[in-house]
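Colleague: Listed here are the chains, written in short residue letters.
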Amino acid sequence: MSAETQTLLRMNGVTKVFLTDEVETHALSGIHLEINAGEYVSIAGPSGCGKSTLLSILGLLDSPSDGEYLLNGNPVQDLDLGERARIRNREIGFIFQAFNLIGDLTVFENVELPLTYRGMPGAERKKAVQEALERVGMAHRVKHYPSQLSGGQQQRVAVARALVGKPLILLADEPTGNLDSQNGEQVIELLQELHRGGATICMVTHDQRYSKHADRTINLFDGRIVDEVEAAQQSSAH
Amino acid sequence: MLQDIRFAFRSAVRNPALTAVIVTSLALGIGANTTIFTLINAVFLRPIPVEKPGELVAAFTTMPKSTAFQSFAFLNFKDFRDNVQEFSGMAAYQFVGANMVGGAEPIGLGGQLVTANYFSVLGVQAARGRTFFADEDKVDSAAPVMVISNGLWTRTFGGDPSIVGRYVTLNGSKFEIIGVTPPEFKGLQSIGGGSEFWVPISMHPQLNPANPLFYTVRNALSVQVVARLRPGVSMAQADQAMKMMADRLAKQYPNENADRSTALFPLSEAVLGIGQRDDLRRSGGLLLGATGLVLLIACANVASLLLARAMARRKEIAVRLSVGAPRWRLIRQLLAESAVLSLLGGAAGMLVAYWGRDLLWAMRPSWMDSRFLDLKLEPRVLAFTIALTFLTGWLFGLIPAIQGSRADLVSAIKGQFDAPDRRSRFTQLAMGLDLRSILVSGQVALSLVALIGAGLFLRSVQQAQRLSPGFRVEGLTVMFMNTAAQGYSPQRATEFYKQAIERVQALPGVQSATWGENVPQAGNAGVSRRVFPEGKELPAELRSLFVPFNDVFPRYFSTVGIPLVKGRDFSAADREGAEQVAIISETTARMFWPGEDPVGRRFKHRLNPNFFRVVGIAADAKFGTLGGAAVPHVYLSATQFYAPAMTLCVRTSGDPAPLFPAFRQTIRGLDSTMPLPQPQTMTSAIADNLWTARLGAELLAVFGVLAVALTVVGIYGVMAYTVTRRTKEIGIRIALGAEQTAVLQLVLRQGLKLTALGVAVGLAASYGATRLIASLLYVSPADPATYAAISVTLAVVSVIAGFLPARRATRVDPLTALRYE
Numbered sequence: 001m002s003a004e005t006q007t008l009l010r011m012n013g014v015t016k017v018f019l020t021d022e023v024e025t026h027a028l029s030g031i032h033l034e035i036n037a038g039e040y041v042s043i044a045g046p047s048g049c050g051k052s053t054l055l056s057i058l059g060l061l062d063s064p065s066d067g068e069y070l071l072n073g074n075p076v077q078d079l080d081l082g083e084r085a086r087i088r089n090r091e092i093g094f095i096f097q098a099f100n101l102i103g104d105l106t107v108f109e110n111v112e113l114p115l116t117y118r119g120m121p122g123a124e125r126k127k128a129v130q131e132a133l134e135r136v137g138m139a140h141r142v143k144h145y146p147s148q149l150s151g152g153q154q155q156r157v158a159v160a161r162a163l164v165g166k167p168l169i170l171l172a173d174e175p176t177g178n179l180d181s182q183n184g185e186q187v188i189e190l191l192q193e194l195h196r197g198g199a200t201i202c203m204v205t206h207d208q209r210y211s212k213h214a215d216r217t218i219n220l221f222d223g224r225i226v227d228e229v230e231a232a233q234q235s236s237a238h
Numbered sequence: 001m002l003q004d005i006r007f008a009f010r011s012a013v014r015n016p017a018l019t020a021v022i023v024t025s026l027a028l029g030i031g032a033n034t035t036i037f038t039l040i041n042a043v044f045l046r047p048i049p050v051e052k053p054g055e056l057v058a059a060f061t062t063m064p065k066s067t068a069f070q071s072f073a074f075l076n077f078k079d080f081r082d083n084v085q086e087f088s089g090m091a092a093y094q095f096v097g098a099n100m101v102g103g104a105e106p107i108g109l110g111g112q113l114v115t116a117n118y119f120s121v122l123g124v125q126a127a128r129g130r131t132f133f134a135d136e137d138k139v140d141s142a143a144p145v146m147v148i149s150n151g152l153w154t155r156t157f158g159g160d161p162s163i164v165g166r167y168v169t170l171n172g173s174k175f176e177i178i179g180v181t182p183p184e185f186k187g188l189q190s191i192g193g194g195s196e197f198w199v200p201i202s203m204h205p206q207l208n209p210a211n212p213l214f215y216t217v218r219n220a221l222s223v224q225v226v227a228r229l230r231p232g233v234s235m236a237q238a239d240q241a242m243k244m245m246a247d248r249l250a251k252q253y254p255n256e257n258a259d260r261s262t263a264l265f266p267l268s269e270a271v272l273g274i275g276q277r278d279d280l281r282r283s284g285g286l287l288l289g290a291t292g293l294v295l296l297i298a299c300a301n302v303a304s305l306l307l308a309r310a311m312a313r314r315k316e317i318a319v320r321l322s323v324g325a326p327r328w329r330l331i332r333q334l335l336a337e338s339a340v341l342s343l344l345g346g347a348a349g350m351l352v353a354y355w356g357r358d359l360l361w362a363m364r365p366s367w368m369d370s371r372f373l374d375l376k377l378e379p380r381v382l383a384f385t386i387a388l389t390f391l392t393g394w395l396f397g398l399i400p401a402i403q404g405s406r407a408d409l410v411s412a413i414k415g416q417f418d419a420p421d422r423r424s425r426f427t428q429l430a431m432g433l434d435l436r437s438i439l440v441s442g443q444v445a446l447s448l449v450a451l452i453g454a455g456l457f458l459r460s461v462q463q464a465q466r467l468s469p470g471f472r473v474e475g476l477t478v479m480f481m482n483t484a485a486q487g488y489s490p491q492r493a494t495e496f497y498k499q500a501i502e503r504v505q506a507l508p509g510v511q512s513a514t515w516g517e518n519v520p521q522a523g524n525a526g527v528s529r530r531v532f533p534e535g536k537e538l539p540a541e542l543r544s545l546f547v548p549f550n551d552v553f554p555r556y557f558s559t560v561g562i563p564l565v566k567g568r569d570f571s572a573a574d575r576e577g578a579e580q581v582a583i584i585s586e587t588t589a590r591m592f593w594p595g596e597d598p599v600g601r602r603f604k605h606r607l608n609p610n611f612f613r614v615v616g617i618a619a620d621a622k623f624g625t626l627g628g629a630a631v632p633h634v635y636l637s638a639t640q641f642y643a644p645a646m647t648l649c650v651r652t653s654g655d656p657a658p659l660f661p662a663f664r665q666t667i668r669g670l671d672s673t674m675p676l677p678q679p680q681t682m683t684s685a686i687a688d689n690l691w692t693a694r695l696g697a698e699l700l701a702v703f704g705v706l707a708v709a710l711t712v713v714g715i716y717g718v719m720a721y722t723v724t725r726r727t728k729e730i731g732i733r734i735a736l737g738a739e740q741t742a743v744l745q746l747v748l749r750q751g752l753k754l755t756a757l758g759v760a761v762g763l764a765a766s767y768g769a770t771r772l773i774a775s776l777l778y779v780s781p782a783d784p785a786t787y788a789a790i791s792v793t794l795a796v797v798s799v800i801a802g803f804l805p806a807r808r809a810t811r812v813d814p815l816t817a818l819r820y821e
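As they're listed, the protein sequences go chains A and B.
Okay, so the first sequence: first residue is 1 according to my numbering, each after it adds one.
Okay, so the second sequence: first residue is 1 according to my numbering, each after it adds one.
The set of hints was computed from the structure by calculation and includes no laboratory data.
Accuracy of the hints is not assured; some may be wrong.
Each pair of labels, with its calculated beta carbon distance range [claimed, not checked]:
1) F9(B) to G151(A): 58 to 66 Å
2) R811(B) to D80(A): 45 to 53 Å
3) P75(A) to Y767(B): 55 to 63 Å
4) R749(B) to Q192(A): 26 to 34 Å
5) A387(B) to E134(A): 32 to 40 Å
6) E189(A) to F9(B): 56 to 64 Å
Below, computed lysine to aspartate or glutamate pairings styled on DMTMM-like, alpha-carbon distance capped at 20 Å [stated by the list, open to error]:
7) K536(B) to E474(B)
8) K622(B) to E474(B)
9) K126(A) to D4(B)
10) K622(B) to E596(B)
11) K166(A) to D207(A)
12) K143(A) to D4(B)
Values in this document were obtained by computation on a predicted structure and should not be read as measured data.
Here a beta-carbon is modelled for each residue, glycine too, at the ideal position from N, C-alpha and C.
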């Protein structure tokens with residue numbers, strides 16, 4: 001990694017502890033992590049190792065119990081709910097395993113959703129939504145409802161929703177988890193294409209077939225980073 | 001915002017079943033409230049159609065140790081009017097019945113004798129023609145002019161544009177119609193006393209010939225008084241000035257005015273009837289309370305359904321939050337959804353109110369028509385419904401909106417809704433995860449209150465029908481007639497009464513017929529006087545007690561069916577010139593001659609210099625409310641004292657209804673200009689008198705049933721939701737060998753717990769709330785039978801409501817359930 005590369009995300013000693021009645025569960029312990037602009041990072045590890053918790057904190061869906069988290073150079077670990085919502089809306093794009101499209105909204109409206117919360121004028125929204133849908137090859141289905149689409153198509157729409165607001169980073173949580181291998185491959189190809197276009201991507205997956213496409217893979221175990229593998233190393237390992 | 005509303009509409013359309021249940025619930029709640037509000041509006045809120053009503057006061061005569069508010073003696077009124085400077089004007093009016101010939105048919109009318117300044121004090125202008133000149137009440141019989149109501153003008157004269165200047169005969173005398181009032185002005189009684197004409201009080205010899213003393217002595221309290229405060233003068237200042245004047249009059253005329261003082265009330269209160277306003281307010285409060293309960297239950301229901309939907313939509317809400325929706329935007333969107341639902345509910349509620357108003361109108365007693373009460377759906381009612389609609393939108397929408405917007409993002413996004421909640425127990429509690437259960441228990445409690453109210457009124461009606469009115473109801477028919485209003489002299493009237501008795505008695509099926517000025521349960525036309533037994537010093541409370549006097553013809557007691565306990569009936573020998581005789585009721589005997597035999601004793605009243613000898617004692621009959629305590633009553637012989645307006649009482653051997661045409665024909669045969677009498681059976685008169693109790697019972701029963709229906713939906717909803725949420729748990733239990741009955745019990749127990757809690761709270765609330773309506777009931781507000789029956793009924797209904805979801809739980813397939821997400 002070159003020194004002049006801009007650091008987009010930095011975590012210093014982040015921990016996450018869940019308190020439920022008398023049980024304390026340490027989901028993350030002493031996480032130190034950096035992700036640079038334009039980088040494609042994969043977070044891997046077995047079930048229950050803390051991958052999704054880490055991604056939730058990265059995406060400001062959850063907050064750390066301790067430690068520091070800098071997004072684009074600004075500390076974000078202690079922001080209030082409103083500020084976090086604003087950052088999620090403008091700087092982060094999410095892709096979920098279960099697509100999480102809203103069944104009562106059309107494809108167009110689902111993709112438009114983040115922009116409506118931004119207060120963007122209708123004409124601009126329309127243009128941006130159209131562009132995003134074209135990028136994922138779903139522009140011909142704007143009036144469809146999610147239930148009228150296949151799983152792969154739904155995930156493409158979800159990707160369009162994630163990138164419509166031109167976020168700093170795309171966070172993908174097991175984006176292929178609910179798809180068959182063919183559709184899974186297509187979504188991964190789409191992410192790679194976005195990456196080639198300059199997008200910063202952080203993807204959680206436990207499937208090595210997909211993590212190898214990343215520039216770097218961070219391996220988690222029991223809430224700790226146990227290993228980091230660069231792309232060159234990954235190819236040599238395989 | 002527009003987008004929120006659009007989405008809200010689409011969401012309503014895409015969930016038709018939920019929308020239908022919510023809109024129906026709200027329509028019933030809002031509709032019931034609007035219906036009752038039209039009544040409240042008509043009775044309490046519609047401003048009296050006069051100029052600056054806030055400046056107008058009603059004045060009453062008071063006496064120590066008496067809570068009654070009496071009219072003024074006309075002569076006293078003149079002194080107050082001429083001497084109290086705190087008013088810019090003071091007017092007097094007096095109700096009078098009259099028969100009018102000159103319209104389409106001879107008709108009986110209710111109107112008022114008024115001072116010439118009546119309309120100017122009220123600030124009411126004639127819509128056509130003029131009102132009275134200032135000097136038109138100065139000289140007796142000199143101004144035969146009348147102002148008529150808009151209702152009379154349109155109904156009887158077909159809205160004749162040349163009405164002003166037309167002559168009619170009123171009580172046998174010619175009167176010129178000089179003006180028509182605006183449509184909204186019906187006199188100063190907001191209900192029950194609409195006036196159809198106004199005549200200067202100087203015309204009393206023509207319209208009230210039987211009571212010349214009303215206008216010449218200070219003993220007769222005969223006119224009602226309304227006055228306008230001068231600008232800047234408070235009611236307290238005016239009250240003080242009135243009381244000072246009363247003191248002066250007491251010194252000047254000690255015989256008549258010694259104990260008298262005055263009281264003032266804002267006219268807006270007085271128009272409800274000073275004696276009735278508390279009962280009216282209580283009744284209004286009761287009805288609004290009952291419909292309020294229905295609305296609350298509807299809102300609880302809707303909140304409960306929306307809460308369930310918010311739970312079902314947690315994932316959607318979490319997605320919206322994850323893409324950066326600020327919480328307030330989500331709350332706004334959820335509120336927009338509830339606002340759309342409440343708007344639909346409000347619109348449907350207006351329809352319900354439209355039908356409800358017609359239903360309410362159909363429940364009115366036979367004497368009431370639109371002259372007395374106008375249930376218009378006017379702008380104020382519309383404003384009420386709109387306000388109610390928005391209020392309910394907030395009420396049922398806010399909690400689910402706030403709760404829904406607080407999704408646990410990480411779990412919700414993954415759809416892990418049965419994952420252990422990662423928040424502390426305190427947070428869970430504070431966020432009210434059991435809110436739906438609380439809402440259901442609340443609904444049960446509110447339903448119980450509504451049902452117990454209905455039950456108490458139903459029992460009251462039953463009880464009232466069982467109460468003995470003190471006379472024989474079956475086979476008795478009554479017909480009111482006003483001979484003075486025909487312009488009859490006392491001699492002609494007496495002749496008319498005698499002939500009517502003879503002819504009606506000759507009809508087949510008639511056992512006996514007679515006349516009475518006042519008949520129990522059939523209206524009160526007589527006057528009340530103070531009774532002074534000969535040679536007795538009365539305690540103060542009896543000295544100021546006004547006892548109803550009732551002029552009756554012989555055989556009144558046997559015809560009406562009031563037993564004579566002692567002494568004799570009146571006879572033809574009790575004629576004018578003979579010794580003045582009276583028959584008193586048992587209560588009168590007990591109060592004025594305690595421990596003595598009053599028969600043969602004598603008493604006086606203030607307007608007659610001679611003594612009356614008591615010749616008999618009659619059993620107490622209920623002239624007032626059926627449930628009320630017996631009040632004293634004095635009967636005089638109508639053959640000695642002429643009464644201008646009397647009620648013909650006819651006892652028949654069978655059903656009297658087929659004889660009604662014959663009764664009318666007989667009267668018309670005696671005088672073709674007499675307005676056709678309206679015979680009424682005593683059974684129907686009593687039903688009319690029980691109108692308020694019956695209406696209360698019927699309305700509360702309707703609202704109670706509505707409340708229960710809504711609660712059943714609520715219980716069903718919560719139980720169904722619980723079963724869905726617990727499907728996996730139930731599947732595990734079944735997989736581990738739980739039998740059907742065990743699963744059934746598991747689910748039903750939860751429903752029963754909610755019901756038991758609701759019943760307990762509801763019983764306590766009912767016990768407190770029903771105290772407020774005790775005076776409207778004929779049974780104890782804590783009637784244990786009612787409480788027990790309603791509680792058991794509600795518990796059974798709740799079990800039934802919970803049974804369907806419980807049975808569904810027993811059919812859970814463990815294999816499917818364990819895969820269930």
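Colleague: Quick one: which hint numbers does this structure break? Sort them smallest to largest.
Modeller: 1, 4, 5, 6, 7, 10, 11
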